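Could you build the full structure based on these sequences and the hints that come with them?
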Amino acid sequence: MATNENLPPNVVKQLAKELKNLDEIPPEGIKVCIHDDDFSTIFADIEGPAGTPYENGIFRMKLLLSHDFPHLPPKGYFLTKIFHPNIATNGEICVNTLKKDWNPSLGLRHVLLVVRCLLIEPFPESALNEQAGKMLLENYEEYARHARLYTGIHALKPKPKSKSGAISESTTALNVDQTNMVSNTAKLPPPPLVNKGGSGGINSQDQPVVAAPSVETTAAAVEASAVVQKKEGVAAAAKVHVDKKKMDARKKSLKRL
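In our numbering, the protein residues as written are 1084 to 1340.
Everything labelled a hint here was simulated from the structure, so no lab data went into it. It is possible that part of the hints are untrue.
What the hints assert, rightly or not - Simulated crosslink set (DSS-like; lysine-lysine; CA at most 27 Å straight-line): (1) K1145 / K1103; (2) K1158 / K1114; (3) K1164 / K1182.
Said to hold, decoys possible - Label-pair restraints from in silico Cβ distances: (4) A1227 / D1121: 32 to 42 Å; (5) L1239 / N1173: 29 to 39 Å; (6) D1120 / Q1214: 38 to 48 Å; (7) C1116 / K1164: 30 to 40 Å; (8) N1186 / I1236: 21 to 31 Å; (9) C1200 / D1121: 19 to 29 Å; (10) G1235 / T1172: 15 to 25 Å; (11) I1236 / K1096: 35 to 45 Å.
All values derive from a computational prediction rather than experimental measurement. Glycine residues also receive a C-beta, built at the ideal position from the N, C-alpha and C atoms.
Laid out in structure tokens, this is it:
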């Protein structure tokens, strides 16, 4: 267990238990960081709440615990520069929970949640940053513009959330579709080879293209076929004539016998 000379052993024991709980069940939008050998300083990264000028920013703060903690409240400071009525230019936080409304029974979780809520609902009536407080009361749009500017310049940027699961699902679905496509394509007859880009050559899909026969080519083919058929007829007639002569000669030979 971590020890610290600035805090009583019973307080260190209680803090160790509370910090373990904060690590296992972190508050929404808050991540606590500590040094194992020093519980007197608690660091936390707070996400800017959605819908506020602090959205899309992460603000680092610290709580300083004195030897009299928890009888005395911790002191809170923002380490990240922020434009806020209740946060001074040196980072000091002004909130009643850390001052007059402090109660020793309040834990660190409660304190951190109150600080984050301060980003949602500032209290310009008790401003440490007078410029921010006055601007909030008189011209909210101008105040929000300043706050967003500070957020964009000084706040840390949140890490993008992983989408590997969605990508894996999409890839699986794509593979299934491609498999079905291949299966369906295998059942279809091959497409006719048509030349879309002129006579002969290769089309855009690198498939051989057979040119459509022209009228002249077709006529020539028909004429050639007729000539072949005529020659075949003449040859057949000549063969019949020869066979007839042979038959007559055989009959004459038989008569001599």
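Consistency of the hints with the structure:
{"no.": "1", "hint": "K1145 / K1103", "verdict": "17 Å, holds"}
{"no.": "2", "hint": "K1158 / K1114", "verdict": "18 Å, holds"}
{"no.": "3", "hint": "K1164 / K1182", "verdict": "22 Å, holds"}
{"no.": "4", "hint": "A1227 / D1121: 32 to 42 Å", "verdict": "37 Å, holds"}
{"no.": "5", "hint": "L1239 / N1173: 29 to 39 Å", "verdict": "19 Å, violated"}
{"no.": "6", "hint": "D1120 / Q1214: 38 to 48 Å", "verdict": "40 Å, holds"}
{"no.": "7", "hint": "C1116 / K1164: 30 to 40 Å", "verdict": "19 Å, violated"}
{"no.": "8", "hint": "N1186 / I1236: 21 to 31 Å", "verdict": "37 Å, violated"}
{"no.": "9", "hint": "C1200 / D1121: 19 to 29 Å", "verdict": "27 Å, holds"}
{"no.": "10", "hint": "G1235 / T1172: 15 to 25 Å", "verdict": "18 Å, holds"}
{"no.": "11", "hint": "I1236 / K1096: 35 to 45 Å", "verdict": "41 Å, holds"}
Against the hints set out earlier in the document, violations occur for numbers 5, 7, 8.
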